[in-house]
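Asks: Here's the letter readout for the chains.
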Amino acid sequence: EPEVTQTPSHQVTQMGQEVILRCVPISNHLYFYWYRQILGQKVEFLVSFYNNEISEKSEIFDDQFSVERPDGSNFTLKIRSTKLEDSAMYFCASTGSGGTQYFGPGTRLLVL
Amino acid sequence: GEDVEQSLFLSVREGDSSVINCTYTDSSSTYLYWYKQEPGAGLQLLTYIFSNMDMKQDQRLTVLLNKKDKHLSLRIADTQTGDSAIYFCAENGDYKLSFGAGTTVTVRA
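Taken in order, these protein sequences are the chains called A and B.
With the numbering used here applied, the first sequence closes on residue 457, and no number is skipped along the way.
With the numbering used here applied, the second sequence closes on residue 162, and no number is skipped along the way.
Keep in mind that the hints were calculated from the coordinates and are not lab data.
Incorrect hints may appear among the rest.
Claimed, not checked - Here's a subset of chain A near chain B, in silico, CB distances under 7 Å, partners left out:
1) Pro353
2) Gln356
3) Val388
4) Asn397
5) Glu401
6) Lys402
7) Phe406
8) Gln446
9) Phe448
10) Pro450
11) Gly451
To be verified - Covered by chain A, per the in silico footprint, the following chain B stretches (three or more residues, Cβ under 8 Å):
12) 61-68
13) 75-88
14) 94-107
15) 137-147
Here the structure is a predicted model, which is why all the values come from computation and not from measurement.
Even for Gly, the Cβ is constructed at its ideal location relative to N, Cα and C.
For reference, chain A alone in the conformation it holds in the complex (with noise of 0.2 Å):
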C-alpha cells in the first residue's frame, strides 16, 4: 500500500540553525501538508500546497517558514533560525481527489 514517507525521523539542530524537513507524498496525489504537533499538544496545521504554490497557511507558518516541491517526488519544509519553541513533531500529510488526508510517520525536531 502506497505510504507517505518523511526523513530524517529525528533531528537535533542548535538554535539559529536552518532544518529542512523531507517528505515524499503518495505519487498520485495533488495536495501536500505540513502539520505540527508540539509535545502534549493539539496537531496545528501549518501550511497546504497545491499546484507548485501555497493554498493556505496558519498563523504559525511566518516568514521562518518555506515550502518547496523541488522535484516530481519530494516535498520539503525549511525553517530558518530554528528557536527552541519549533522543538516539535513535524508530520507531513498528502491527499489525492478524494480528500483523504494520509500522514507520513513524522520527524521529530529538537532545537537546543
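Take the given structure of chain A and dock chain B to it, following the hints.
Replies: For chain B alone, coordinates are given in the frame of chain A:
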C-alpha cells in the same frame, strides 16, 4: 474558526467496548476523521465518515455522526491491549484538518 473538542482520557477493560466522543463546530465539514497515534509514532488513519452519513462500520470500529448536534463518536468493540493509544478526531475545512486534543485510551487487563 474550527474547534474540535474531545474528552482527554478513557480507561477500558480488555474485551469491553470503548466509546470516544468528539464535538466540532464547522458545519461545512465534508469529512470527519479518526486517527490513532501510538507512543512516539505518526498518525494512522483509522476511519472516516462523509458528512451526509449517520453511521459507518468497519470491522470492530463504528462511527456515529449526529450532524445536527455536531457530535461524532468512535466505538471500538472488543477492545484489545493493542488499542491503547491516543485517538484524534479531526474535521476538514477547505482541505486542512482541525484536530481535537486527543483522547488517551488505556486498556487494562
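Asks: Please go over all the hints and tell whether each is borne out by the structure.
Replies: Here's how the hints hold up against the structure:
no., hint, result
1, Pro353, "violated (14 Å)"
2, Gln356, "violated (15 Å)"
3, Val388, "holds (4 Å)"
4, Asn397, "violated (16 Å)"
5, Glu401, "holds (6 Å)"
6, Lys402, "violated (9 Å)"
7, Phe406, "violated (11 Å)"
8, Gln446, "holds (6 Å)"
9, Phe448, "holds (4 Å)"
10, Pro450, "holds (4 Å)"
11, Gly451, "holds (5 Å)"
12, 61-68, "violated (count 0)"
13, 75-88, "holds (count 4)"
14, 94-107, "holds (count 6)"
15, 137-147, "holds (count 4)"
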